[in-house]
Amino acid sequence: MALAFDEYGRPFFILKEQESKTRLRGLDAQKSNITAGRAVARILRSSLGPKGMDKMLQSPDGDITITNDGATILEQMDVDNQIAKLMVDLSRSQDYEIGDGTTGVVVMAGALLEQAGNLLDRGIHPIRIAEGYEVASRMAVENLEKIAHKFEFGEADVEPLIQTCMTTLSSKIVNRCKRSLAEIAVKAVLAVADLERKDVNLDLIKVEGKVGGKLEDTELIYGIVVDKDMSHPQMPKQIEDAKIAILTCPFEPPKPKTKHKVDIDTVEKFETLRKQEQQYFDDMVKKCKDVGATLVICQWGFDDEANHLLMHRNLPAVRWVGGVELELIAIATGGRIVPRFQELTPEKLGLAGLVREKAFGTTKDRMLYIEHCANSRAVTIFIRGGNKMMIEETKRSIHDALCVARNLVRNNSIVYGGGSAEIACSLAVEAGADRYPGVEQYAIRAFAEALDSIPMALAENSGLQPIETLSAVKHQQVKENNPCCGIDCSDIGTNDMREQNVFETLIGKQQQILLATQVVKMILKIDDVITPSEF
Amino acid sequence: MAVDRILKDEASEEKGDRARMATFVGALAIVDLIKTTLGPKGMDKILQSTGRGHNVTVTNDGATIMKSLHIDNPAAKVLIVVLNLKPDISKTQDDEVGDGTTSVVVLAGELLREAEKLVAMKIHPMTIISGYRMATECAHNALLKKVVDNKLDSDKFRSDLMNIAMTTLSSKILSQDKEHFANMAVDAVMRLKGSTNLEAIQIIKKPGGSLRDSFLDEGFILDKKIGVGQPKRIENAKILVSNTAMDTDKVKIYGARVRVDSMAKVAEIEGAEKEKMREKVKKIIGHGINCFVNRQLIYNFPEELFADAGVLAIEHADFDGIERLALVTGGEIASTFDNPESVKLGECKLIEEIMIGEDRLIHFSGVALGQACTIVLRGASEHVLDEAERSLHDALCVLSQTVNDSRVVHGGGWPEMVMAKDVDDLARKTPGKKSHAIEAFSRALQAIPTIIADNAGLDSAELISKLRAEHQKEDSTAGIDVITGAVSRLESLSCHVGDMAALGISESFKVKQAVLYSAIEAAEGLLRVDEIIRCAPRRREDRM
Numbered sequence: 001m002a003l004a005f006d007e008y009g010r011p012f013f014i015l016k017e018q019e020s021k022t023r024l025r026g027l028d029a030q031k032s033n034i035t036a037g038r039a040v041a042r043i044l045r046s047s048l049g050p051k052g053m054d055k056m057l058q059s060p061d062g063d064i065t066i067t068n069d070g071a072t073i074l075e076q077m078d079v080d081n082q083i084a085k086l087m088v089d090l091s092r093s094q095d096y097e098i099g100d101g102t103t104g105v106v107v108m109a110g111a112l113l114e115q116a117g118n119l120l121d122r123g124i125h126p127i128r129i130a131e132g133y134e135v136a137s138r139m140a141v142e143n144l145e146k147i148a149h150k151f152e153f154g155e156a157d158v159e160p161l162i163q164t165c166m167t168t169l170s171s172k173i174v175n176r177c178k179r180s181l182a183e184i185a186v187k188a189v190l191a192v193a194d195l196e197r198k199d200v201n202l203d204l205i206k207v208e209g210k211v212g213g214k215l216e217d218t219e220l221i222y223g224i225v226v227d228k229d230m231s232h233p234q235m236p237k238q239i240e241d242a243k244i245a246i247l248t249c250p251f252e253p254p255k256p257k258t259k260h261k262v263d264i265d266t267v268e269k270f271e272t273l274r275k276q277e278q279q280y281f282d283d284m285v286k287k288c289k290d291v292g293a294t295l296v297i298c299q300w301g302f303d304d305e306a307n308h309l310l311m312h313r314n315l316p317a318v319r320w321v322g323g324v325e326l327e328l329i330a331i332a333t334g335g336r337i338v339p340r341f342q343e344l345t346p347e348k349l350g351l352a353g354l355v356r357e358k359a360f361g362t363t364k365d366r367m368l369y370i371e372h373c374a375n376s377r378a379v380t381i382f383i384r385g386g387n388k389m390m391i392e393e394t395k396r397s398i399h400d401a402l403c404v405a406r407n408l409v410r411n412n413s414i415v416y417g418g419g420s421a422e423i424a425c426s427l428a429v430e431a432g433a434d435r436y437p438g439v440e441q442y443a444i445r446a447f448a449e450a451l452d453s454i455p456m457a458l459a460e461n462s463g464l465q466p467i468e469t470l471s472a473v474k475h476q477q478v479k480e481n482n483p484c485c486g487i488d489c490s491d492i493g494t495n496d497m498r499e500q501n502v503f504e505t506l507i508g509k510q511q512q513i514l515l516a517t518q519v520v521k522m523i524l525k526i527d528d529v530i531t532p533s534e535f
Numbered sequence: 001m002a003v004d005r006i007l008k009d010e011a012s013e014e015k016g017d018r019a020r021m022a023t024f025v026g027a028l029a030i031v032d033l034i035k036t037t038l039g040p041k042g043m044d045k046i047l048q049s050t051g052r053g054h055n056v057t058v059t060n061d062g063a064t065i066m067k068s069l070h071i072d073n074p075a076a077k078v079l080i081v082v083l084n085l086k087p088d089i090s091k092t093q094d095d096e097v098g099d100g101t102t103s104v105v106v107l108a109g110e111l112l113r114e115a116e117k118l119v120a121m122k123i124h125p126m127t128i129i130s131g132y133r134m135a136t137e138c139a140h141n142a143l144l145k146k147v148v149d150n151k152l153d154s155d156k157f158r159s160d161l162m163n164i165a166m167t168t169l170s171s172k173i174l175s176q177d178k179e180h181f182a183n184m185a186v187d188a189v190m191r192l193k194g195s196t197n198l199e200a201i202q203i204i205k206k207p208g209g210s211l212r213d214s215f216l217d218e219g220f221i222l223d224k225k226i227g228v229g230q231p232k233r234i235e236n237a238k239i240l241v242s243n244t245a246m247d248t249d250k251v252k253i254y255g256a257r258v259r260v261d262s263m264a265k266v267a268e269i270e271g272a273e274k275e276k277m278r279e280k281v282k283k284i285i286g287h288g289i290n291c292f293v294n295r296q297l298i299y300n301f302p303e304e305l306f307a308d309a310g311v312l313a314i315e316h317a318d319f320d321g322i323e324r325l326a327l328v329t330g331g332e333i334a335s336t337f338d339n340p341e342s343v344k345l346g347e348c349k350l351i352e353e354i355m356i357g358e359d360r361l362i363h364f365s366g367v368a369l370g371q372a373c374t375i376v377l378r379g380a381s382e383h384v385l386d387e388a389e390r391s392l393h394d395a396l397c398v399l400s401q402t403v404n405d406s407r408v409v410h411g412g413g414w415p416e417m418v419m420a421k422d423v424d425d426l427a428r429k430t431p432g433k434k435s436h437a438i439e440a441f442s443r444a445l446q447a448i449p450t451i452i453a454d455n456a457g458l459d460s461a462e463l464i465s466k467l468r469a470e471h472q473k474e475d476s477t478a479g480i481d482v483i484t485g486a487v488s489r490l491e492s493l494s495c496h497v498g499d500m501a502a503l504g505i506s507e508s509f510k511v512k513q514a515v516l517y518s519a520i521e522a523a524e525g526l527l528r529v530d531e532i533i534r535c536a537p538r539r540r541e542d543r544m
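In order, the protein sequences belong to chains A and B.
Under our numbering, the first sequence has 119 at position 119, and the numbering climbs by one with no breaks.
Under our numbering, the second sequence has 271 at position 271, and the numbering climbs by one with no breaks.
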């Protein structure tokens, strides 16, 4: 108990208000943590793989999300338990680092926890288990490198990349048109990729969605799409070879920051002020015109008069463009963002081959397309879909596909999917276990068992007999010495994942195993949980 | 070891079969609610709002009903989201599907109902989905084979459009005068010449008179009055459309204010202001116009000046009105008036004040742009007018889509039977569990004509079996003839299976296709769900 004695032998409390706190210690703490972690993993387990099921999530505001993306489910689940929050973080960090395999990593961690629970029952110290897991995860990662293949693609030959993206997309609700979406993702990544440095800046890919149309209408635009229209309904809807002035100052008379008052006490002053005001508008428009701009994009609004003057001088303009979009436009067109009219010079103008306004459907929705920009490295994926839910889910799926393509550009090693890599690792770890002296051997073996749980879940979700299928595939791997045998989820008729073209990136898989092991180790090391009972 | 709570208090979680049950029950509840409105003999619903005044709407428009429901069940919500019918989004959003909202919900519901049975037979939902997908493709192809395209023959095309409009309207409140309204709708859409921009068609509702008194006007009607003392009728009008302040025209320089020390000075400045306004008006009149339309208010003083110059001044036309007027008259929306030579003026043959019911409106006829037109709806009450507008909107949507994609299919349950027949054939050829799902798909398709017949008070079982027999023949055009069926009920039942080609009941292929795809999308989305997690509702801050 948290009761101690001071030097005079009087008792005192170490923990404040002890009665109102609940406290779990030792084995109980570990057990309870393991149960919580497994509960989270169990929720995600049925979403794994191409035949995984979706979850319907109702947010606190009553909005509905249907998804089978692990990170999204956990993010929106609004968990309360501390250990469960750790699992959510785990999935999130896989999302940040790799962007794919967010479900797999949680299922893996859940399986490791489950095995750890059994070992604890047999009286093995949690630290020894953690050590064993650490050794085993290293073995697994090494083995992954051994079975990894180099993945060849060039700028001309993007087919392999598309195949990989299709694997990712096939588990999503958008798999109806996975081919076209995969092509879009690959093209987008290649457009912004720096193949020399093997670097891809995903910030240059903007994913924009608009309700309406069909999923098939989703397109890749080499340029920027802004959800705005021309400030005056009668401005030209299409501008070729546009020179764009990007402004962050409003088309209004200046408002000095210092407080001041302009007093009007005579009729003359009234007149001059009026003239002055007209002069301002005229000057502003003239300055833009003088530097040769053919399109003005402004972060702020215009006065009605300024608007008409712009229209009158044949200078199309767009108003109320958000800061982020403004920056993207600046990057894409090679222009500079200009905060004052005085600083406007011809060099600061952005260039775009074609700017056009496009109307959608029967409604008044219009979007502005800025294409053929000077710097073609910014692209936009423009998603159409029947409803908002569909678009959100498509955005998430596209994000996953983009990440996969990016990882391949960065590091082109792959392992085969469908649980084949896990089975191969499981075999390797199992074999390695016997060579290891000490109690850790048991933990290493348990790790191998845990690895099996991923192909097992895949088989289960695909409606196959899990144990039967897994043992058959394992046997095949050993017999043929072929690490590419996996679970045939889509009923194609072969177990060889090379033929099915199902693969994942090596770093993604390695990261999955390492992250899962890390979190499990952390959970195992907790031996005391103190919770204030009420806030 | 007790499992700790993973989720927050008040959050709930439903898993596996329970979750599936919740989705099925929720979705089916919506379907059962809405299915009695399907078809030409569908019934109406009264919707009472919870807001102040408890407004009442009477409608049988599926979209409107679904929009007005307060739903807690997440699955039911999904159905509504799939149709894009969130209450806060304006009704133009259902343009894409336009007419077939009820059909989508009913078909999606029937697909789920069939799926429920299959799940009970221990068939994995994923297998059902892949079966449904195969069936959808097959059904789509079956329909594609039978479409009629009369784009090249303008007479036939028009009659197609008429048929579609009449079919759409026959289930609505306008069914009594459907020919009249169908004519109006077709005329309006034909004027658009292929564009789908329904904005050019303005609908004005005026209570009074009967529905039959509604008319299509080829000009543009602005719901405003002409100022006092200004001409009531202008021929060959030159119109300046503008957006400018016609009250005081404030100085916009920040911090400017008037500070004077005597009354005389105030008067002087007031005089200067007046002078300024007078000059502005002079400039405007200097454009050589005889009609001036402003978006903002026109104060008495400038109005008087306009009246003196014999210029018709219309104030406070809303933004839509201004843009539309600029569009139809070909003018430009002006805000400065210094260069009269370069401002484009709008033109029209005749401006006059007309009376509709008790209201006076301004009518611009002979406008430059022939696309625009106005439909004036008359009717006994606001409810009738609202419902009429919804019906007409549906018809206009369908027609404008059909103008672009002129493929047409027969109506009255014909397309469903055609699809069902081919899907049935596919089921027989497909080995494996999927064939159950494909068969189920065909049953779901046949549910639609069944409901249409049921709603009309006909013997659905008898009719459907007859219909199916008819459809075994090549190129059958048989469908359910509800309208004459209701009249000649005493005659032999076979007359209900009518020849759809002869009866001229048609539907747009595009709508049917959208119905098919939206329904399968909704059903698939719901079938894939195996867990529902509901977060704790956000607490409202008590502001008591």
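Rather than coming from a laboratory, the hints here were simulated on the basis of the structure.
Incorrect hints may appear among the rest.
[To be verified] Pairs of lysine-lysine, DSS-like flavour, derived with a Cα cap of 27 Å:
no. : chain 1 : residue 1 : chain 2 : residue 2
1   : A       : 228       : A       : 286
2   : B       : 433       : B       : 15
3   : B       : 15        : A       : 289
4   : B       : 280       : A       : 275
5   : A       : 289       : B       : 225
6   : A       : 358       : B       : 225
7   : A       : 261       : B       : 274
8   : A       : 261       : B       : 276
9   : B       : 225       : B       : 349
10  : B       : 238       : B       : 225
11  : A       : 269       : B       : 265
Hint by hint, here is what the structure shows:
1. 228/A to 286/A: Between residue 228/A and residue 286/A the Cα gap is close to 24 Å, so the pair holds against 27 Å.
2. 433/B to 15/B: Holds. Residue 433/B to residue 15/B sits at ~25 Å (cutoff 27 Å).
3. 15/B to 289/A: Roughly 64 Å between the alpha carbons, so the hint for residue 15/B and residue 289/A is violated.
4. 280/B to 275/A: Given that 27 Å is the threshold and the Cα spacing comes to 13 Å, the pair holds.
5. 289/A to 225/B: violated (41 Å)
6. 358/A to 225/B: Since the Cα atoms of residue 358/A and residue 225/B sit roughly 36 Å apart, the hinted pair is violated (cutoff 27 Å).
7. 261/A to 274/B: Holds, at roughly 24 Å.
8. 261/A to 276/B: Within the cut-off at roughly 23 Å; holds.
9. 225/B to 349/B: With Cα atoms ~19 Å apart, residue 225/B and residue 349/B stay inside 27 Å; holds.
10. 238/B to 225/B: holds (18 Å)
11. 269/A to 265/B: holds (12 Å)
Of the hints listed earlier, those the structure fails to meet are numbers 3, 5 and 6, in rising order.
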